[in-house]
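Enquirer: Sequence:
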Amino acid sequence: MELFGKVADLCQAVVVLLLVFQVSALFRSVDRLRDEGEQLKNRVDDLCRGNRGR
Numbered sequence: 006m007e008l009f010g011k012v013a014d015l016c017q018a019v020v021v022l023l024l025v026f027q028v029s030a031l032f033r034s035v036d037r038l039r040d041e042g043e044q045l046k047n048r049v050d051d052l053c054r055g056n057r058g059r
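Okay, so the sequence shown: first residue is 6 according to my numbering, each after it adds one.
Honestly, the hints are just simulated from the structure, not real lab data. Positions of the beta carbon are idealized from the N, C-alpha and C atoms, including for glycine. Be careful, since some hints might not be right.
Said to hold, decoys possible - Quick list of in silico lysine to any residue cross-link-like pairs, SDA-like style, CA-CA up to 25 Å:
| id | residue 1 | residue 2 |
| --- | --- | --- |
| 1 | Lys-46 | Leu-31 |
| 2 | Lys-46 | Phe-32 |
| 3 | Lys-11 | Val-21 |
| 4 | Lys-11 | Phe-26 |
| 5 | Lys-46 | Ser-34 |
| 6 | Lys-11 | Leu-23 |
| 7 | Lys-46 | Asp-36 |
| 8 | Lys-11 | Leu-24 |
| 9 | Lys-11 | Leu-22 |
| 10 | Lys-46 | Val-35 |
| 11 | Lys-46 | Asn-56 |
Unchecked claim - Each pair of labels, with its calculated beta carbon distance range:
| id | residue 1 | residue 2 | range |
| --- | --- | --- | --- |
| 12 | Glu-43 | Leu-23 | 28 to 36 Å |
| 13 | Phe-9 | Asp-36 | 39 to 47 Å |
| 14 | Ser-34 | Glu-7 | 38 to 46 Å |
| 15 | Asn-56 | Ser-34 | 26 to 34 Å |
| 16 | Asp-51 | Ser-29 | 31 to 39 Å |
| 17 | Met-6 | Lys-46 | 54 to 62 Å |
| 18 | Gly-42 | Val-19 | 44 to 52 Å |
| 19 | Gly-10 | Leu-38 | 36 to 44 Å |
The whole structure should be built from the sequences, with the hints applied where relevant.
Expert: Structure representation (structure tokens):
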């Protein structure tokens with residue numbers, strides 16, 4: 006029974022580590038999407054300024 010408890014604790018620790026990695030990857034994806042959105046916004050602003058200048 007003690008071995009089963011140790012295996013369960015090990016599995017729980019692995020699950021927690023996987024969740025931490027998933028959350029970390031999620032935050033990296035959000036940062037990347039935010040950067041891409043900012044770049045698109047800047048391109049749209051540049052295009053709008055170019056059209057007004059004509």
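Enquirer: Do the alpha carbons of Lys-11 and Phe-26 lie within 25 Å of each other, as the hint requires?
Expert: Judged against 25 Å, a Cα distance of about 23 Å means the pair holds.
Enquirer: Is 31 to 39 Å a correct range for the gap between the Cβ atoms of Asp-51 and Ser-29?
Expert: 34 Å, holds
Enquirer: For the pair we were handed, Lys-46 and Phe-32, check the Cα-Cα distance against 25 Å.
Expert: 21 Å, holds
Enquirer: Is it true that the C-beta distance of Met-6 to Lys-46 lies inside 54 to 62 Å, as the hint says?
Expert: 60 Å, holds
Enquirer: When you check the alpha-carbon spacing of Lys-11 and Leu-22, does it fall within 25 Å?
Expert: 17 Å, holds
Enquirer: Taking 25 Å as the top limit, are the C-alpha atoms of Lys-11 and Leu-23 close enough?
Expert: Answer holds: Lys-11 to Leu-23 is near 18 Å, not above 25 Å.
Enquirer: Given the hinted pair Lys-46 and Ser-34, is their alpha-carbon gap at most 25 Å?
Expert: 18 Å, holds
Enquirer: So does Asn-56 sit 26 to 34 Å from Ser-34, Cβ to Cβ?
Expert: 33 Å, holds
Enquirer: Are the Cα atoms of Lys-11 and Leu-24 separated by 25 Å or less?
Expert: Within the cut-off at roughly 20 Å; holds.
Enquirer: How does the Cβ-Cβ distance of Glu-43 and Leu-23 compare with 28 to 36 Å: does it lie in that range?
Expert: 31 Å, holds
Enquirer: Given the hint that Lys-46 pairs with Val-35, does the C-alpha gap stay at or below 25 Å?
Expert: Holds - the C-alpha atoms of Val-35 and Lys-46 are around 16 Å apart, at most 25 Å.
Enquirer: Regarding Gly-42 and Val-19, is the given constraint of 44 to 52 Å on their beta-carbon distance met?
Expert: For Val-19 against Gly-42, whose Cβ atoms are near 35 Å apart, the range 44 to 52 Å is violated.
Checked against the numbered hints listed earlier, the structure breaks hint 18 alone; every other hint is satisfied.
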